[in-house]
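Number of protein chains: 2
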Amino acid sequence: MRLTLDRTSSIPFYRQIAEQLREQIRSGELPPGTRLPPERRLAAMLGVNRTTVVSAYRELAAEGLIVGHVGRGTIVAEPQPSPQPLGSSVAWAQFFTPITTVMRDPLLYDTMVVSARPDVISFATGAPAPEFYPVETVRALLDEALHHEGQSLLQYCPTEGYPPLREAIAQYLRQHGARTTAAHVLVVSGSQQGLYLLARALLEPGDVVAVESPTYLGALHVFRAIGARFLPIPVDRHGMHVSVLEDMVQRRRPKLIYTLPTFQNPTGTTLSLERRQRLLDIAIRYQIPIIEDDPYSMLRYEGPALPSLLSLDTAGIVIYLSTVSKVLFPGFRIGWVVGPQPVIERLSTLKQLVDLDTNALAQWAVWAFLTRGLLDQHIERLRQTYPVRRDRMLSALEAYAADVLAWERPGGGLYLWCQLQDGLRARDLLPEAARHGVAFTPGESCFPDGGGAEFLRLNFTYPNPDQIEEGIKRLAQAIHTLRANRFGRDRTAVLARPLV
Amino acid sequence: MRLTLDRTSSIPFYRQIAEQLREQIRSGELPPGTRLPPERRLAAMLGVNRTTVVSAYRELAAEGLIVGHVGRGTIVAEPQPSPQPLGSSVAWAQFFTPITTVMRDPLLYDTMVVSARPDVISFATGAPAPEFYPVETVRALLDEALHHEGQSLLQYCPTEGYPPLREAIAQYLRQHGARTTAAHVLVVSGSQQGLYLLARALLEPGDVVAVESPTYLGALHVFRAIGARFLPIPVDRHGMHVSVLEDMVQRRRPKLIYTLPTFQNPTGTTLSLERRQRLLDIAIRYQIPIIEDDPYSMLRYEGPALPSLLSLDTAGIVIYLSTVSKVLFPGFRIGWVVGPQPVIERLSTLKQLVDLDTNALAQWAVWAFLTRGLLDQHIERLRQTYPVRRDRMLSALEAYAADVLAWERPGGGLYLWCQLQDGLRARDLLPEAARHGVAFTPGESCFPDGGGAEFLRLNFTYPNPDQIEEGIKRLAQAIHTLRANRFGRDRTAVLARPLV
Chain L
1 MRLTLDRTSS IPFYRQIAEQ LREQIRSGEL PPGTRLPPER RLAAMLGVNR
51 TTVVSAYREL AAEGLIVGHV GRGTIVAEPQ PSPQPLGSSV AWAQFFTPIT
101 TVMRDPLLYD TMVVSARPDV ISFATGAPAP EFYPVETVRA LLDEALHHEG
151 QSLLQYCPTE GYPPLREAIA QYLRQHGART TAAHVLVVSG SQQGLYLLAR
201 ALLEPGDVVA VESPTYLGAL HVFRAIGARF LPIPVDRHGM HVSVLEDMVQ
251 RRRPKLIYTL PTFQNPTGTT LSLERRQRLL DIAIRYQIPI IEDDPYSMLR
301 YEGPALPSLL SLDTAGIVIY LSTVSKVLFP GFRIGWVVGP QPVIERLSTL
351 KQLVDLDTNA LAQWAVWAFL TRGLLDQHIE RLRQTYPVRR DRMLSALEAY
401 AADVLAWERP GGGLYLWCQL QDGLRARDLL PEAARHGVAF TPGESCFPDG
451 GGAEFLRLNF TYPNPDQIEE GIKRLAQAIH TLRANRFGRD RTAVLARPLV
Chain S
501 MRLTLDRTSS IPFYRQIAEQ LREQIRSGEL PPGTRLPPER RLAAMLGVNR
551 TTVVSAYREL AAEGLIVGHV GRGTIVAEPQ PSPQPLGSSV AWAQFFTPIT
601 TVMRDPLLYD TMVVSARPDV ISFATGAPAP EFYPVETVRA LLDEALHHEG
651 QSLLQYCPTE GYPPLREAIA QYLRQHGART TAAHVLVVSG SQQGLYLLAR
701 ALLEPGDVVA VESPTYLGAL HVFRAIGARF LPIPVDRHGM HVSVLEDMVQ
751 RRRPKLIYTL PTFQNPTGTT LSLERRQRLL DIAIRYQIPI IEDDPYSMLR
801 YEGPALPSLL SLDTAGIVIY LSTVSKVLFP GFRIGWVVGP QPVIERLSTL
851 KQLVDLDTNA LAQWAVWAFL TRGLLDQHIE RLRQTYPVRR DRMLSALEAY
901 AADVLAWERP GGGLYLWCQL QDGLRARDLL PEAARHGVAF TPGESCFPDG
951 GGAEFLRLNF TYPNPDQIEE GIKRLAQAIH TLRANRFGRD RTAVLARPLV
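Protein sequence lines correspond, in order, to chains L and S. Residue 471 in the working numbering sits at position 471 of the first sequence; the count goes up by one each step and never skips. Basically the working numbering = 1-based index in the second sequence + 500.
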């Protein structure tokens, strides 16, 4: 039995031990009947706590790989004849509804696969820096919550949300100028759920949704799955081109306007105050509800804070979405929809079908983060850290990729939006980048109507500064390789002929 | 300032303190500028921990009711001119899609309202006994999880679920005879979400679903919202009348069969082994997928364990649903769908739209409950406790209500299914029962096609034995009152005439 622990790895020791033993049992290196060292001895040998070894043994026992025998210690189990896993003679494809077929994006799937490789530096995710997750605060809060209110927090929760959290969210928004009360708030299982519920409550197949082009790709998936059509509105340095919307609105009659006005995903741009007013005017004049998706406004590094559409709204036509996923961590799955009461009531009836209610314990913790100043403190820390990473990415781009990429400097949020030069396409770059050990999100997935082949979205919050430097170096090399190959091929370019 | 603590209440002290202070501030009894006692002194006065008072003050400060001043202590704040809360000039009703309008059931809403009254003994819920929630175990597990794997458990989780939990569920089901692997398992946010995803993936408007009549009311809501029609199959002492299904299946061509074969909600009946085989035969012969909803089989008090449809399935036509909500507690929102891989893949694509993924920390805790024998231990305890409550309910019914109700004795699960005699209707009983301080679920909400007016569903796990005794006494009085009034009125009965 060989066991080595990697003390620099983020994989917990008990997992490392279990993993290696599992491998050695499966390979036959530790044959059935082999006696494993007692927990205490193995712990001493490896220099870890006994509970670490206990956890590892437990995991293997649960998988049936080892068994404990009184008087004989822990033994590698006889392999059990594993039953033929369940197949299916049913032709399932014929049973599935059309809604479930439209949302597969092979390009994104490839991106996720590359992004998950341990040797790859990923700029593809939308996650905050994991090393800043306030794990110990969460630990203390959950302990307190279970101590004080365990029984009621493990019970079903009202569908609309844990009442003190609804009040705290309303209060937080009031402090930022919105005239909200708890009755305007629905707590949801991540803002993705809010988006889904809204799409279900407001859109039918064939309805038109005005969206920024490009926009959040998860929103495009939701709208497409319902059979909506898009009215794409271009984005410039000041956010959505509201005058284009104005020109189109009478002809296309959108049922809904979906926008990320602040530090937009993926472009990082922010809608100017003047355009905010104008957008609201259009919405009110033509009676088109606005969904304001606002996960990023708290992550502002420069420039003045602009009022949300929600807080500018005097007519009750804005429905606002936010989440703690980008400012604390995504694992709690807590987001909120804020809007006029008839909307909140309708969405909560729908949420009752979809999943009844949201984890009350997680809601309690978010309530504590909000009301005890812990969220503000945490965001303050991120606002020190993230601009450093952004600037590191900008200077690395300047150093290594200035000849092949163009970009803008965002004043907040998580992303840099880059444009490949010389007609190169991000989907061709993806496999080349994978070979160089770096991943990104291809921009075309963010466009409602095709196009955008030359764009890529780079996240600068998940990787640390050294990884950012190294990742951009790799990315630049990949682009240079792609360009060299491309221009090699282009000399013998063949014009596309129609296939007949 | 008057403060009294109710030491027998389940409301935590800090909430009691905050509540009373809030009331006194709002009523003007504690006017703005009033200095509150220092935390330590108030704690001593009340005989509680200082942290209890700190928590109470924090809550009031978060609401803007009190403020801390350096050197002056804690002061009641000046009331802030509260802005006019946001109304809406938008005629929202015209914007909502039809799906969101079908699922309002005023009868159930009334039931929930009555059930939530503190003076009411509720037999209406579907929750386990809260006093047995393993709060301390959960506390220790979450602490361990955050200590060992905090960072990764607060991250996004794969949509299909936390891999070790998928494996543990597959293993648990293998031990009960199913041929499942982790790839057959999708972790969902409560089995309600599994049901919703399945309905979305498999049903289109107008499709027919075969259901037991009566059945789980939440399933009826989901199917109705999608525009499905029902093929209701009656239930007798041995579960669904499978021969009726067989007679109807060719004429009505159901797209799906939805069944709760074990300790059915609401009737408590269990499908016999012979009928299980026959149901599978029909499903395979006519290629109709079965959804087996199985939240209750672990709560078996008597009789032999019957194999699940999943474990009898040789063709891969069964999709299985379960949850920890009925055996541990509902607050984690963890359930699972188990079925053929094409189904799991399709559902997980859909789940990505609906809420991306499920809380990983809660999944870790459920994994620990399953793999460390903690779930089995807990269920063992419930299997000692619940039959006592059931029998207490049965003997109370015998003592107080034998002349007005008929019932069956269930061998497991959470519910007694009762039938009013003399043509009385549960919907008429509901307000009378509310006046007597008792609540139940009206049976008619469980019927797909109207009817069932004389049935009521009584939960015997949530209230404790004394509450059960008292609640049945109140219920019997309410029925007697209703009957007296009814027969009073009936003497001057007016025949219904058609309205022309």
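Note that these hints are calculated values from the structure, not bench results. Be a bit skeptical, because a hint or two may be false.
Some chain L residues near chain S, calculated using beta-carbon distances under 10 Å [as the list claims (entries may be wrong)]:
1) L86
2) V90
3) Q94
4) G126
5) L142
6) L154
7) A168
8) G190
9) A199
10) R252
11) L256
12) F329
13) S395
14) E398
15) Y400
16) A402
Cβ-Cβ distance ranges computed for the label pairs, FRET-style [unchecked claim]:
17) S/G677 <-> L/H176: 55 to 63 Å
18) L/H176 <-> S/R881: 43 to 51 Å
19) S/P606 <-> L/A183: 15 to 23 Å
20) S/G677 <-> L/S89: 18 to 26 Å
21) S/G727 <-> L/H176: 49 to 57 Å
22) S/S510 <-> L/I379: 44 to 52 Å
23) S/A805 <-> L/E470: 55 to 63 Å
24) S/E970 <-> L/E345: 34 to 42 Å
25) L/Q419 <-> S/Q877: 58 to 66 Å
Cβ atoms here follow ideal geometry from the backbone N, Cα and C, with glycine treated the same way.
Consistency of the hints with the structure:
1. Annotation: L/L86 was flagged as interfacial toward chain S, and the flag holds, the nearest CB pair being 4 Å apart, inside 10 Å.
2. Given hint, L/V90 at the interface with chain S, holds; its Cβ is 5 Å from that chain's nearest Cβ, closer than 10 Å.
3. Given hint, L/Q94 at the interface with chain S, holds; its Cβ is 9 Å from that chain's nearest Cβ, closer than 10 Å.
4. Because the beta carbon of L/G126 sits about 9 Å from the nearest beta carbon in chain S, less than 10 Å, this interface hint is met.
5. Of the supplied interface hints, the one on L/L142 holds, with its beta-carbon coming within about 5 Å of a beta-carbon of chain S, less than 10 Å.
6. For L/L154, the shortest C-beta to C-beta distance to chain S is roughly 4 Å, which falls under 10 Å, so the interface hint holds.
7. Below 10 Å, beta-carbon pairs count as interface contacts, and L/A168 has one with chain S at about 6 Å; its hint therefore holds.
8. Using the Cβ-Cβ criterion of 10 Å, the hint placing L/G190 at the interface with chain S is satisfied: the shortest such distance is roughly 5 Å.
9. A cut of 10 Å between beta carbons decides the hint on L/A199: the least distance to chain S is about 9 Å, and the hint holds.
10. Proximity of L/R252 to chain S is violated relative to the hint, the smallest CB-CB distance being about 17 Å (cut-off 10 Å).
11. Because the smallest distance between the Cβ of L/L256 and any Cβ of chain S comes to about 9 Å, under 10 Å, the interface hint for this residue holds.
12. A distance limit of 10 Å between C-beta atoms decides the matter here; for L/F329 the minimum to chain S is near 4 Å, and the interface restraint holds.
13. The beta carbon of L/S395 comes no nearer than 28 Å to any beta carbon in chain S, farther than 10 Å, and the hint placing it at the interface is violated.
14. Given the 10 Å rule on beta carbons, the hint for L/E398 is violated: about 31 Å separates it from the nearest Cβ of chain S.
15. Nearest Cβ of chain S to the Cβ of L/Y400: about 29 Å, over the 10 Å cut. The hint is violated.
16. Interface restraint check: L/A402 against chain S, minimum CB-CB distance 33 Å, threshold 10 Å, status violated.
17. Between S/G677 and L/H176 the beta carbon distance is about 56 Å. The supplied range of 55 to 63 Å therefore holds.
18. Evaluation of the 43 to 51 Å hint for L/H176 and S/R881 yields a pass: the beta carbon distance comes to about 48 Å.
19. Between S/P606 and L/A183 the beta carbons are some 20 Å apart, a value that agrees with the proposed interval 15 to 23 Å.
20. At about 19 Å, the CB distance of S/G677 to L/S89 agrees with the hint of 18 to 26 Å.
21. A hinted range of 49 to 57 Å is violated for the C-beta pair S/G727 and L/H176, which are about 41 Å apart.
22. In this structure the hint that S/S510 and L/I379 lie 44 to 52 Å apart at CB is violated, the actual value being about 35 Å.
23. Range check, S/A805 to L/E470: Cβ separation about 57 Å, and the 55 to 63 Å hint holds.
24. For S/E970 and L/E345, the hinted distance range of 34 to 42 Å is satisfied, since their beta carbons lie about 35 Å from each other.
25. A C-beta distance of roughly 60 Å is found between L/Q419 and S/Q877, which places it inside the suggested range of 58 to 66 Å.
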